[in-house]
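Enquirer: Guided by the hints, dock chain B onto chain A, whose structure is given.
So you can see what is in the structure, the chains are spelled out below.
There are 2 protein chains.
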Amino acid sequence: MVRAGYPEHVSLSDALRLLMDEFGDARRTEEMRPGDALGFVLASDVFSLRNVPHYTASAVDGYAVASRDTAGASPATPVTLGREKYSWVNTGMPVNGADSVVMVEDTSLEPARGGTPEGLKIFRSLTQGDNVRAVGEDVMNGQMLACEGDPMTPALVSLFLCAGIGSVSVYSKPRTLFIPTGNEIVPGERWLLGDVFEPGLVAESNSAYASSIFSSWGYPLDVGPILPDEPRVIAEAVERASAEYGLVLVSAGSAKGRRDHSADIFASLGRMLFRYVRMKPGRPAMAASVGGTPVICLPGFPMSCAVALWSLVYPVLRALSGWRVSPDYISEAMGSRGNLEASLMVQHSSPQGMAECLRVKCADVEGRLLCWPLPTGASVLWALAEADGIAMLSEEHLERPMGSAIRVSLTRRPDFGMRLLFQGSDDPAVGLLVSSMRGLGADLAIRAVGSMGGLAALGRGEAHLAAAHLLDECDGTYNTSYIDRFAKGRRWRRRLIFYREQGIITAIGNPMEISGFADLASGRAVFENRQPGAGTRVLFDYMLRENGLGSSDIPGYDRVSITHMEAANKVASGVADATLGIKAAADALGLHFIPIAREPYELVFSERFDEHPAAAALIASLESAEWRDAVSAMGGYELPAEEGRSDP
Amino acid sequence: MVRAGYPEHVSLSDALRLLMDEFGDARRTEEMRPGDALGFVLASDVFSLRNVPHYTASAVDGYAVASRDTAGASPATPVTLGREKYSWVNTGMPVNGADSVVMVEDTSLEPARGGTPEGLKIFRSLTQGDNVRAVGEDVMNGQMLACEGDPMTPALVSLFLCAGIGSVSVYSKPRTLFIPTGNEIVPGERWLLGDVFEPGLVAESNSAYASSIFSSWGYPLDVGPILPDEPRVIAEAVERASAEYGLVLVSAGSAKGRRDHSADIFASLGRMLFRYVRMKPGRPAMAASVGGTPVICLPGFPMSCAVALWSLVYPVLRALSGWRVSPDYISEAMGSRGNLEASLMVQHSSPQGMAECLRVKCADVEGRLLCWPLPTGASVLWALAEADGIAMLSEEHLERPMGSAIRVSLTRRPDFGMRLLFQGSDDPAVGLLVSSMRGLGADLAIRAVGSMGGLAALGRGEAHLAAAHLLDECDGTYNTSYIDRFAKGRRWRRRLIFYREQGIITAIGNPMEISGFADLASGRAVFENRQPGAGTRVLFDYMLRENGLGSSDIPGYDRVSITHMEAANKVASGVADATLGIKAAADALGLHFIPIAREPYELVFSERFDEHPAAAALIASLESAEWRDAVSAMGGYELPAEEGRSDP
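Which chain is which? The protein sequence lines are A and B, in order. Using our numbering, the first residue of the first sequence is number 1, and each one after it goes up by one. Using our numbering, the first residue of the second sequence is number 1001, and each one after it goes up by one.
Think of the hints as simulated: they come from the structure by calculation, not from any bench. The model shown is predicted, which means the values in this text are computed figures rather than measured ones. Just so you know, even glycine gets a beta-carbon here, dropped at the ideal spot from N, CA and C. Wrong hints could be hidden among the right ones.
Unchecked claim - Cβ-Cβ distance ranges computed for the label pairs, FRET-style:
| id | chain 1 | residue 1 | chain 2 | residue 2 | range |
| --- | --- | --- | --- | --- | --- |
| 1 | A | 327 | B | 1222 | 20 to 26 Å |
| 2 | B | 1338 | A | 597 | 50 to 56 Å |
| 3 | B | 1626 | A | 613 | 58 to 64 Å |
| 4 | A | 485 | B | 1327 | 38 to 44 Å |
Stated by the list, open to error - Stretch-level coverage of chain A by chain B, calculated; a stretch enters the list once three of its residues show a Cβ under 8 Å from a Cβ in chain B:
| id | region |
| --- | --- |
| 5 | 206-217 |
| 6 | 422-436 |
| 7 | 555-563 |
Unchecked claim - Listed next, the stretches of chain A that the computed footprint assigns to chain B, with coverage defined by at least 3 CB atoms under 8 Å from CB atoms of chain B:
| id | region |
| --- | --- |
| 8 | 39-53 |
| 9 | 113-127 |
| 10 | 134-148 |
| 11 | 153-159 |
| 12 | 185-195 |
| 13 | 228-236 |
| 14 | 379-392 |
In isolation and in its complexed conformation, chain A is listed as follows (with noise of 0.2 Å):
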């Protein structure tokens, strides 16, 4: 869509396109010494200023000798040669005088007796040159040792040294400058100060985020000081970083306001080349030349900038600094450590047209390789910091159903073979087994699907293990009916491992007065429900009808949160006013705990879990003094006093 003058909403595979057509040959070159140049691309061919070696040198360990001296020897018929007629040699040393090397097992010393000196028996005639490496047989003087096009590596640095090789035409490194704007972010060295509380400040991280990927990619980075969100100021410092730097960077604030601006400064003062990629995130990315250097706007939410790094500025450094820009280059660019293809254990909606990053943990089960997305639209980095790899989606496809296969480009290596994939009922506790489980060699991944979706997760041989605490309104038990209903025969073990207190939390000093049910249903609070299938929602449900209430009764049932501490966390925030939980989630956010039952919360194994390498690791972690203690410090738990394992 070119609308104003230049396209809107390209491809990324346009953008980067045009990002190569407009700058793809700006290449400069300098001259430096090879041990300097690691990381650049070479100029020009290089070829060798020497022979290597530089003399005739001995191929084995043996004796230098004049091959007509050895003329008639045999293992039947040794020569013996006087002393001024041979001399050791190690490999590469030099022959002088001698014209071949006699190897030392076709020899023997003969030492002195009586009237005879010492003498070397040789059991085998050479000719000239036998076991002699010519002078350059290495290397030779003029020979090419490397193209234009070639990096430098710690190989070619040590062999154009022997090749008496000083100073090499390389293909520079741009020095780029990244100019943070906006008037709601903060400097990282104030932030860190802490006392930062004005609602709506957030830090400048974007900086340290491309400082830190720019020197993984091995290239310098400059930062500027925080420009305000003033069009004046930004294009005066945009304008003279492009005179100086051969690359600048942009980074926007989020007000949407803000990018229309930047599109305008950069029109101004050069021309621009694109505005909006179809990627999700990383949509508002624009790009511009001005004065012929590339000026990259990129997005100011943490995630959409990272994006932008990976997809457009890596490939731009690249290709300015003589590198073949590879099809793979957004995986070069994340520090890919190779890719896996992996079952998407959930549906997957992308938006229209756009390609997508998705941050994905991955874990096998039972020799399948299974994915997860997690969760998106977050300001900071926690995502991409937590996932093992990132999937990029292709616009092509709209929906993916589960199991699809996905490509993940592995941002990092676990062992999946040691690592455990609970899904179940979420619980503090658990996490607290993840350090344990890593001590050991070992991993726990954990996905937060409420009770009856680990033990449905684990019916389909989507886990190792589930969690629940499953009220049975009928008989009053706990878990024993669900288990049964999943399990479909299966022989699931089952593992008692705490019990815990759940009841209404509400703000500090309960300033609602909320004693009970019936003070939920009053229309004056606003609750803060868990999602269907979680463990909490059943007992709440049962609790309601206790109390003779019904759903419509209750101002935000319909409202959801996936964990305790999110739940509680709306609480503590004002954006609900109370709701059922563990006492752990309400001590945590120091808030007002009124309890209302005991349960125990247990972990179903599946029916091969015992064969899984990790299982020890998790026994053991749970059987440790360290987590029990960890746990019990947490409040509102009680550990069995025995192991409390209870078999179907």
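Expert: Relative to the frame of chain A, chain B by itself:
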């Protein structure tokens, strides 16, 4: 084998285990800013110090309103609010005062009309907290962000900043000292001056390689001055270094005698861990603990030193700085860009009981990825620089037959689909095509296997093209009968690319006054032959017969070189007195040349050559003025006036 009080001739895995057992826990920690900690490993779990966001923020672009003001709103029954009852908010902006946000899509701004002021029409009713993000929704105070053992990444740098973390505890990187030793090595700076001619002296290049590889790994390396091969001097330096550094590397010279010294030195200063590793190259490595500091003695030959750095030094660096040493650590150390399975194009024998490190090149011919080893045993890293990757062959297999599948750790990522594999008669003019091919985005890999070897390879489907100049002495024609024999009915195309002069090459000034073949049989001169199957050898045999001579008449007949330059170089060095070769080889080395024949040199293409994506690049290169001029300039070549194609 333990004979000297410590293990000798250990396997690579035993060597690693001995190092890890001894030094695997010797880690130190230090505090640093997250931005400085890239490449370091976290020494403790990291918890957020902040809630992010620290204010209730809008989750959408829309209008912050009081939820009660929207009661009853629906698409059919919209509610209109006056200007003081709504305010625009972007995603992430604070919602001070309001308790919910209506999405802009659910509203319509009504302009002022007549007496009615501007207002906001709302089409959906809200409850408290709708579209509002709670404090801490992204990151909660106290939430675990990363674990002990996690490496710092750009994402974590950004996340930690947002979470208020200004300092982290990481495992320190050890400081390493590299001590070059030896009486025959020359400092790099001196070597580059170009005035070192004494036979036996070589460049001290291992420190250059080590500095570069350490830099690529992200570890600091200090390099000490070259020490003479004197035990007392070395012992003093090692002892001093072991007190100041976390790792000490001693680079041995190559003389066999010294290795015994080293072991004695280390045994006297501390405790030997092992000596000799069953690895080729790299066998003479050893390790010791001196004052608790790891001391690793690296072999002197550059390739051996490189392998020891990858396989012994790298894992120690990693373990000391908190990384888990992955099973693939050698591939990591060499900077591998991924692995491939390839089929060995030649049979390969490994030494008994030794693992072997092969430098290989690869090519994709008709969908099969083939690989072949590059020449070993050189004193420079040419083969390592030239290789596409490394195959680490385990000691289990002594013989690997042609066609064996081997795993190649790629050190570069060539576009195999655009690389043509040439096997055949060596000629420097073919090498001149490579630069032009690469400029066209293609590549040419060259295996000099002689004319018949090339046709045979083409016949086996192991090349895209071959080259031959084989004289059929029955009818005096070139190539046709041989091509027919190997093509077995397949339609191979031929292309004459030049005529070249062959002749007898002797030392400058022709000191032995050789004028023809009779002189080669005189017994005064030693000949250097070409390998069986080489067109030059076929010509030589023909010329001998024409002159009434036999192979037994020629001293040196059994001595073979694989290329023209190799053979000519032997004459230039005095290792041989004469050879048969092309004028270009003689001219390159300033040797005497007696013309004997003018022969056609033809390329022979596989039947599917034209379909190859890189075929056009080859033809374009052959037809380019650039190549034709470069070939003509070499002397002894005659390019055909027209294209010179001759189809069968």
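Enquirer: Run every hint past the structure and note whether it holds.
Expert: Now the hints, each set against the structure:
{"no.": "1", "hint": "327/A with 1222/B: 20 to 26 Å", "verdict": "40 Å, violated"}
{"no.": "2", "hint": "1338/B with 597/A: 50 to 56 Å", "verdict": "54 Å, holds"}
{"no.": "3", "hint": "1626/B with 613/A: 58 to 64 Å", "verdict": "60 Å, holds"}
{"no.": "4", "hint": "485/A with 1327/B: 38 to 44 Å", "verdict": "42 Å, holds"}
{"no.": "5", "hint": "206-217", "verdict": "holds (count 8)"}
{"no.": "6", "hint": "422-436", "verdict": "holds (count 3)"}
{"no.": "7", "hint": "555-563", "verdict": "holds (count 3)"}
{"no.": "8", "hint": "39-53", "verdict": "holds (count 5)"}
{"no.": "9", "hint": "113-127", "verdict": "violated (count 1)"}
{"no.": "10", "hint": "134-148", "verdict": "holds (count 13)"}
{"no.": "11", "hint": "153-159", "verdict": "holds (count 7)"}
{"no.": "12", "hint": "185-195", "verdict": "holds (count 4)"}
{"no.": "13", "hint": "228-236", "verdict": "violated (count 0)"}
{"no.": "14", "hint": "379-392", "verdict": "holds (count 6)"}
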